[in-house]
Amino acid sequence: MVHWTAEEKQLITGLWGRVSVEECGAEALARLLIVYPWTQRFFDNFGNLSSPTAILGNPKVRAHGKKVLTSFGEAIKNLDNLKGTYSKLSELHCDKLHVDPENFRLLGDILIIVLAAHFTKDFTPACQAVWQKLVGLVAHALARKYH
Amino acid sequence: MVLSAGDKANVKAAFGKIGGQAEEYGAEALERMFATYPQTKTYFPHFDLGKGSAQVKGHGKKVAAALVEAANHIDDIAGALSKLSDLHAQKLRVDPVNFKLLGQCFLVVVACHNPSLLTPEVHASLDKFLCAVGTVLTAKYR
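Chains A and B, in that order, are what the protein sequence lines are. First residue of the first sequence? That's 2 in our numbering, and the numbers climb one at a time after it. First residue of the second sequence? That's -7 in our numbering, and the numbers climb one at a time after it.
One or more of the hints may lead you astray.
Stated by the list, open to error - Below, computed lysine-lysine pairings styled on PhoX-like, alpha-carbon distance capped at 25 Å:
| no. | chain 1 | residue 1 | chain 2 | residue 2 |
| --- | --- | --- | --- | --- |
| 1 | B | K54 | A | K122 |
| 2 | A | K134 | B | K9 |
| 3 | A | K122 | B | K92 |
| 4 | A | K78 | A | K67 |
| 5 | B | K54 | B | K9 |
| 6 | A | K134 | B | K75 |
| 7 | B | K4 | B | K83 |
| 8 | A | K134 | B | K92 |
| 9 | B | K9 | A | K122 |
| 10 | A | K10 | A | K97 |
| 11 | A | K84 | A | K97 |
| 12 | A | K122 | B | K0 |
| 13 | A | K122 | B | K43 |
FYI, nobody ran anything at the bench for these hints, they're computed from the structure.
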């Protein structure tokens, strides 16, 4: 059973309120594909991923990044029930998409860096700690239905 | 994991821009690592890990100096960090998983203080570099 203090919840929702889901999502996914290029294996139908510039400008990457981060927003609305929130998505990622859960951890780490670059000094160590906890739990929830 | 010529150039340029702030970055990376991954504190039972700790600052300086040294000898990181590699294998024996955690925190520090420096390409190169350093430091473990 996950436990969030009031302070932790505030650090999450406070920051999230200032995030552009579209921009942040696009950047996080693009960086995932650039920094860990083997993750491109899931996106054969995305067109041109041949260079960082191509990836950053790719409209499918932008759209999918927005989709992923929108889903993250759902988790933030349901911090006390991440397992329930991600149950169907977990099955999807296992049975249909065949994504190694390690990729969720990689994306989580990238998201942290994107947030750090965006919020700079506001992204305090306490803030980072809470957000790393959150991305870890989201990754765990997404992996939970794997078999 | 091989560092391309482009990666090496990116890393050298990045550390050039970071310059003298590397020491502070090292200390803050440690502070963030202890806050975010509390299990890493188990390697420092002899340290005061409170805010502003002189010991953490001092250790951050050492960590940063090693990264700068590696960046300055990027064609032979194993040679540059050979003694540190021995130390980690024989004495410190920090579990290999922890180097990734410190690496993540170092990238976060760079992002917080110097976001314009951390373009996706530089991010990728620095991540590879930090991986390479971790690999060297654990190379003699067994």
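Now for the hints, and whether the structure bears them out:
A distance of roughly 24 Å separates the Cα atoms of K54 (chain B) and K122 (chain A); the hinted pair therefore holds under the 25 Å criterion. With a C-alpha separation of about 31 Å, the suggested pair K134 (chain A) and K9 (chain B) falls outside the 25 Å cut-off, and the hint is violated. Proposed proximity of K122 (chain A) and K92 (chain B) is supported: the alpha carbons are some 23 Å apart, at most 25 Å. Between the alpha carbons of K78 (chain A) and K67 (chain A) the distance comes to roughly 17 Å, so the proposed pair stays at or under 25 Å and holds.
Taking the CA atoms of K54 (chain B) and K9 (chain B), the gap is about 19 Å. The hint holds against a cut of 25 Å. A threshold of 25 Å between alpha carbons decides the hint, and for K134 (chain A) with K75 (chain B) the separation of about 35 Å lies outside it, so the pair is violated. At most 25 Å may separate the alpha-carbon atoms for a hinted pair to count; K4 (chain B) and K83 (chain B) exceed this at roughly 30 Å. Note on K134 (chain A) and K92 (chain B): the hinted pairing holds, with a Cα-Cα distance of about 16 Å set against a maximum of 25 Å.
About 19 Å separates the Cα atoms of K9 (chain B) and K122 (chain A), which keeps this hinted pair within 25 Å; it holds. Distance hint between K10 (chain A) and K97 (chain A) is unfulfilled; the C-alpha atoms sit about 33 Å from each other, more than 25 Å. The straight-line distance between the Cα atoms of K84 (chain A) and K97 (chain A) is roughly 19 Å, inside the 25 Å bound, and the hint therefore holds. With a CA separation close to 28 Å, the supplied pair K122 (chain A) and K0 (chain B) exceeds the 25 Å bound.
With a C-alpha separation of about 16 Å, the suggested pairing of K122 (chain A) with K43 (chain B) holds against the 25 Å cut-off.
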